[in-house]
Amino acid sequence: MDVNAASAHAFFERFPSELQVIRQHLSESHTERAAEALRQARISLQNAAPTLPAHDVQKYETELNDLQKALQSHASQSHTFSFQRPSRRFLSSLSRRHSSTPSASASDTPTPSKETPAAHFADVTHEIVRIPAAEHQAVHLHRLHHCIVRLGDVHGSVFVDECTYTVIVGAAQQCRLSRSSNVTVCVDAPTPITLEECRGLWIGNRSDLEPSQATAGATTTATERAKTTLPSVQDFDDVFMQGSNWSYLPIDAAVKIQTHLDSPYGIAEIL
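Taking full-length UniProt numbering, the leading residue of the sequence shown gets 1, the next gets one more, and so forth.
Quick caveat, the hints were computed from the structure, so don't treat them as lab data. Incorrect hints may have been included.
[What the hints assert, rightly or not] In silico EDC-like pairs for lysine to aspartate or glutamate, Cα to Cα no more than 20 Å straight-line:
{"no.": "1", "residue 1": "K69", "residue 2": "E32"}
{"no.": "2", "residue 1": "K256", "residue 2": "E127"}
{"no.": "3", "residue 1": "K69", "residue 2": "E28"}
{"no.": "4", "residue 1": "K59", "residue 2": "D123"}
{"no.": "5", "residue 1": "K59", "residue 2": "E28"}
Treat the numbers as computed from the prediction; the structure is a model and nothing was measured.
Please construct the entire structure, taking both the sequences and the accompanying hints into account.
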């Protein structure tokens, strides 16, 4: 039995029990546990998909979607599971700060405050934006279009607002996106990537686009990626329905994006 066959066999042995766990949590009205089990089951199926027959993948996707609908229906009736949305006042204050910040191009080097080091980039189009290697506590990206953003290692948070057709790769302590679409986010963070009013996003690991940043022995192949923990995502507009506003970065798309990391032109055709 080859490696792929063995992997598929193990999946077929394990996955039905994962589905049963979700059903059990639903029957006991444990919606939070059911939501987490459903998320893990989707990750499990995505990781195993390259080794499975297409009809089996489709069958299990249908089952997961049915469970997802049941979970959403149950949650709407019980009102026992919800995330607190960030306040509009908070988002408005951030937006005002962005609007008052002078526009910066990728060639500009922001001069961060000594008290609150931060890098601000606004109204940038068709540029490669490289964040200086200083210890920034925050990076604000506002209205970037058709750009490649190389964050490096940010020691604080990254806030992305009103960006389109842009790729963001690096590491940070937090990453939040608001009112953005067709953006690929490969930011390693210890907290979930949070989304607000976003559409058409791809979420991945930093090593998907920067293989040199992978842990020892890691690669971006389907087999090795199955061993990698996929990023956790919290979508304030779609708590239970993974896939309507975002999805995990497909491996073939990651390979194509890697070829454009030094040139933003043509990136929109991929995203």
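Going down the list of hints, with the structure as the test:
1. Between K69 and E32, the direct Cα distance comes to roughly 14 Å. Compliance with the 20 Å bound is thereby established for this hinted pair.
2. For the suggested pair K256 and E127, the alpha carbons sit about 18 Å apart, so the restraint of at most 20 Å is met.
3. A distance of roughly 16 Å separates the Cα atoms of K69 and E28; the hinted pair therefore holds under the 20 Å criterion.
4. A C-alpha spacing of about 44 Å is found between K59 and D123, which places the hinted pair above 20 Å, so the restraint is violated.
5. Under the criterion of a C-alpha separation no larger than 20 Å, the hint pairing K59 with E28 is inconsistent with the structure, at around 25 Å.
In this structure, the hints that do not hold are numbers 4, 5, in rising order.
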